[in-house]
Amino acid sequence: PVSSVMDRLRVRRRGPGDPFDRSPERPQIDVEGGGGTLDDVQQVAAGRPSRWTPIEPPVLHSLLSWMILLGTVVVVVVVIHIFDASLPTPLPVDVRSDRFSEGRAREHLQALAALGPRLVGSEENEMRAKYFIVQSLRAIQAEATELKLRKLMEIDIQEVSGSFTLQFLRFVPFTNTYDQVTNIVVRISEGEGSRENALLVNSHYDSAM
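For the sequence shown, the working numbering begins at -9 and goes up steadily by one.
These are computed hints drawn from the structure, not numbers from a lab. The beta-carbon is built from N, C-alpha and C at its ideal position, and this holds for glycine as well. Wrong hints could be hidden among the right ones.
[Said to hold, decoys possible] Distance ranges between label pairs, derived from CB positions:
#1 Ala104 with Val67: 13 to 21 angstroms
#2 Ser193 with Ala129: 13 to 21 angstroms
#3 Trp56 with Val176: 47 to 55 angstroms
#4 Ser91 with Trp56: 33 to 41 angstroms
#5 Val64 with Leu159: 48 to 56 angstroms
#6 Gly61 with Thr135: 53 to 61 angstroms
#7 Met57 with Gln125: 57 to 65 angstroms
[Unchecked claim] Straight-line C-alpha distance at most 20 angstroms; calculated SDA-like pairs for lysine to any residue:
#8 Lys138 with Arg86
#9 Lys138 with Phe154
#10 Lys120 with Leu137
#11 Lys120 with Ala198
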(Lines of atoms letter the chains of each structure in order from A and count residues from 1; the text may use other names and numbers.)
(Lines give C-alpha, C1' and ligand atoms only; values in the text may rest on other atoms or scores of the structure.)
Protein backbone atom coordinates (compact mmCIF):
# COMPACT_ATOMS: atom_id res chain seq x y z
CA PRO A 1 0.00 0.00 0.00
CA VAL A 2 1.00 3.61 -0.54
CA SER A 3 1.04 4.34 3.21
CA SER A 4 3.73 1.70 3.82
CA VAL A 5 5.81 3.04 0.94
CA MET A 6 5.52 6.55 2.33
CA ASP A 7 6.58 5.34 5.78
CA ARG A 8 9.52 3.44 4.33
CA LEU A 9 10.72 6.43 2.33
CA ARG A 10 10.14 8.82 5.27
CA VAL A 11 7.62 10.88 3.34
CA ARG A 12 5.96 13.89 4.90
CA ARG A 13 3.39 16.30 3.53
CA ARG A 14 4.40 19.82 2.61
CA GLY A 15 2.52 23.01 3.33
CA PRO A 16 1.41 25.66 0.85
CA GLY A 17 3.99 27.78 -0.89
CA ASP A 18 6.54 24.98 -1.08
CA PRO A 19 9.15 25.43 -3.84
CA PHE A 20 8.38 21.88 -5.07
CA ASP A 21 4.66 22.68 -5.40
CA ARG A 22 3.81 21.41 -8.89
CA SER A 23 0.08 21.63 -8.48
CA PRO A 24 -1.80 23.71 -5.90
CA GLU A 25 -4.55 21.11 -5.74
CA ARG A 26 -2.27 18.16 -4.98
CA PRO A 27 -0.62 17.37 -1.63
CA GLN A 28 3.16 17.78 -1.88
CA ILE A 29 5.66 15.42 -0.28
CA ASP A 30 9.33 15.18 0.50
CA VAL A 31 11.13 11.89 -0.20
CA GLU A 32 14.66 11.68 1.22
CA GLY A 33 15.30 15.39 0.67
CA GLY A 34 13.60 15.65 -2.75
CA GLY A 35 10.17 16.92 -3.78
CA GLY A 36 7.20 15.43 -5.58
CA THR A 37 3.52 14.69 -5.52
CA LEU A 38 1.57 11.71 -4.27
CA ASP A 39 1.53 10.36 -7.84
CA ASP A 40 5.35 10.34 -7.79
CA VAL A 41 5.39 8.02 -4.77
CA GLN A 42 2.86 5.76 -6.43
CA GLN A 43 5.04 5.63 -9.55
CA VAL A 44 8.09 4.73 -7.46
CA ALA A 45 6.14 2.02 -5.62
CA ALA A 46 5.02 0.55 -8.91
CA GLY A 47 8.58 0.55 -10.28
CA ARG A 48 7.81 3.12 -13.01
CA PRO A 49 9.73 6.36 -13.69
CA SER A 50 8.40 9.42 -11.93
CA ARG A 51 8.89 13.17 -12.07
CA TRP A 52 10.59 13.17 -8.69
CA THR A 53 14.21 14.34 -8.83
CA PRO A 54 16.32 13.93 -5.67
CA ILE A 55 18.43 16.82 -4.37
CA GLU A 56 22.13 16.23 -3.74
CA PRO A 57 23.24 16.59 -0.07
CA PRO A 58 25.20 19.72 0.89
CA VAL A 59 28.73 18.52 0.08
CA LEU A 60 30.31 21.84 1.04
CA HIS A 61 28.95 21.68 4.59
CA SER A 62 30.30 18.14 5.07
CA LEU A 63 33.72 19.11 3.68
CA LEU A 64 33.90 22.13 5.99
CA SER A 65 33.11 19.96 9.02
CA TRP A 66 35.93 17.55 8.14
CA MET A 67 38.36 20.45 7.65
CA ILE A 68 37.49 21.89 11.08
CA LEU A 69 37.94 18.48 12.71
CA LEU A 70 41.29 17.94 11.01
CA GLY A 71 42.47 21.42 11.98
CA THR A 72 41.51 20.81 15.61
CA VAL A 73 43.48 17.54 15.70
CA VAL A 74 46.54 19.23 14.21
CA VAL A 75 46.42 22.06 16.77
CA VAL A 76 46.10 19.59 19.68
CA VAL A 77 49.07 17.53 18.42
CA VAL A 78 51.23 20.65 18.03
CA VAL A 79 50.37 21.95 21.52
CA ILE A 80 51.15 18.55 23.10
CA HIS A 81 54.50 18.43 21.28
CA ILE A 82 55.42 21.96 22.45
CA PHE A 83 54.60 21.19 26.09
CA ASP A 84 56.43 17.85 25.94
CA ALA A 85 59.54 19.50 24.49
CA SER A 86 59.50 22.17 27.22
CA LEU A 87 59.71 19.65 30.09
CA PRO A 88 63.11 19.35 31.84
CA THR A 89 65.35 16.38 31.10
CA PRO A 90 64.92 13.61 33.75
CA LEU A 91 67.98 13.22 35.94
CA PRO A 92 69.51 9.75 36.61
CA VAL A 93 69.91 7.95 39.93
CA ASP A 94 73.56 8.96 40.45
CA VAL A 95 72.94 12.73 40.30
CA ARG A 96 73.93 14.86 43.28
CA SER A 97 71.79 14.46 46.39
CA ASP A 98 70.70 18.10 46.40
CA ARG A 99 69.02 17.69 43.00
CA PHE A 100 65.71 16.00 42.33
CA SER A 101 66.32 12.71 40.53
CA GLU A 102 63.60 11.12 38.43
CA GLY A 103 65.52 7.85 38.63
CA ARG A 104 65.54 7.82 42.45
CA ALA A 105 61.89 8.89 42.60
CA ARG A 106 60.94 6.04 40.28
CA GLU A 107 62.78 3.55 42.48
CA HIS A 108 60.77 4.73 45.50
CA LEU A 109 57.55 4.54 43.50
CA GLN A 110 58.27 0.99 42.36
CA ALA A 111 59.09 -0.10 45.92
CA LEU A 112 55.84 1.45 47.18
CA ALA A 113 53.81 -0.21 44.42
CA ALA A 114 55.43 -3.57 45.23
CA LEU A 115 53.64 -3.55 48.58
CA GLY A 116 50.41 -4.35 46.75
CA PRO A 117 47.00 -2.65 47.00
CA ARG A 118 47.07 -0.03 49.77
CA LEU A 119 43.50 0.56 50.85
CA VAL A 120 42.79 2.97 53.71
CA GLY A 121 42.73 0.94 56.92
CA SER A 122 44.69 -2.00 55.52
CA GLU A 123 48.03 -3.21 56.86
CA GLU A 124 49.75 -2.41 53.57
CA ASN A 125 48.71 1.23 53.78
CA GLU A 126 48.64 2.02 57.51
CA MET A 127 51.80 0.16 58.49
CA ARG A 128 54.02 -1.01 55.63
CA ALA A 129 53.62 2.00 53.31
CA LYS A 130 53.84 4.42 56.22
CA TYR A 131 57.04 2.75 57.49
CA PHE A 132 58.64 2.78 54.03
CA ILE A 133 57.90 6.47 53.44
CA VAL A 134 59.05 7.59 56.89
CA GLN A 135 62.28 5.57 56.71
CA SER A 136 63.05 6.92 53.23
CA LEU A 137 62.49 10.50 54.42
CA ARG A 138 64.72 10.01 57.44
CA ALA A 139 67.48 8.61 55.21
CA ILE A 140 67.25 11.73 53.02
CA GLN A 141 67.27 13.91 56.14
CA ALA A 142 70.41 12.21 57.44
CA GLU A 143 72.17 12.53 54.10
CA ALA A 144 71.32 16.23 53.86
CA THR A 145 72.77 16.77 57.33
CA GLU A 146 75.91 14.84 56.48
CA LEU A 147 76.49 16.82 53.29
CA LYS A 148 75.82 20.10 55.11
CA LEU A 149 73.39 21.27 52.47
CA ARG A 150 72.16 24.05 54.77
CA LYS A 151 68.57 22.86 54.34
CA LEU A 152 66.22 22.41 57.25
CA MET A 153 64.09 19.29 56.76
CA GLU A 154 61.32 18.68 59.28
CA ILE A 155 59.18 15.50 59.39
CA ASP A 156 55.82 15.48 61.14
CA ILE A 157 53.56 12.42 61.42
CA GLN A 158 49.89 13.10 62.19
CA GLU A 159 46.98 10.79 62.91
CA VAL A 160 43.72 12.62 62.32
CA SER A 161 40.02 11.82 62.52
CA GLY A 162 37.06 13.77 61.23
CA SER A 163 34.35 14.01 58.62
CA PHE A 164 33.19 16.18 55.74
CA THR A 165 29.93 16.46 53.83
CA LEU A 166 29.45 16.70 50.07
CA GLN A 167 26.29 17.46 48.13
CA PHE A 168 25.59 14.50 45.86
CA LEU A 169 23.76 15.68 42.71
CA ARG A 170 23.14 18.97 44.59
CA PHE A 171 20.23 17.46 46.49
CA VAL A 172 21.42 14.46 48.53
CA PRO A 173 24.03 15.15 51.26
CA PHE A 174 26.87 12.60 51.40
CA THR A 175 29.01 12.46 54.55
CA ASN A 176 32.42 10.80 54.58
CA THR A 177 34.12 9.99 57.89
CA TYR A 178 37.70 8.92 58.60
CA ASP A 179 39.39 7.69 61.78
CA GLN A 180 43.11 7.83 62.61
CA VAL A 181 44.24 8.45 59.05
CA THR A 182 48.00 9.06 58.85
CA ASN A 183 49.38 12.25 57.33
CA ILE A 184 53.12 12.49 56.69
CA VAL A 185 54.19 16.12 56.47
CA VAL A 186 57.66 17.21 55.34
CA ARG A 187 58.83 20.81 55.36
CA ILE A 188 62.05 21.87 53.63
CA SER A 189 63.30 25.39 54.22
CA GLU A 190 66.43 27.51 54.43
CA GLY A 191 66.06 27.78 58.19
CA GLU A 192 64.10 29.68 60.78
CA GLY A 193 64.28 32.93 58.82
CA SER A 194 62.43 31.56 55.79
CA ARG A 195 59.28 30.16 57.37
CA GLU A 196 56.83 32.91 56.42
CA ASN A 197 56.03 31.57 52.95
CA ALA A 198 55.72 28.00 51.74
CA LEU A 199 54.82 25.94 48.67
CA LEU A 200 52.53 22.98 49.42
CA VAL A 201 52.86 19.78 47.38
CA ASN A 202 50.57 17.00 48.56
CA SER A 203 49.46 13.59 47.36
CA HIS A 204 47.74 10.38 48.49
CA TYR A 205 49.91 7.35 49.08
CA ASP A 206 46.99 4.93 49.36
CA SER A 207 45.68 3.18 46.26
CA ALA A 208 42.05 3.35 45.14
CA MET A 209 40.13 0.24 44.10
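Checklist entry - What are the numbers of the hints the structure violates, in ascending order? => result As far as the earlier hints go, 1, 4, 5, 9, 10 are violated by this structure, in ascending order.
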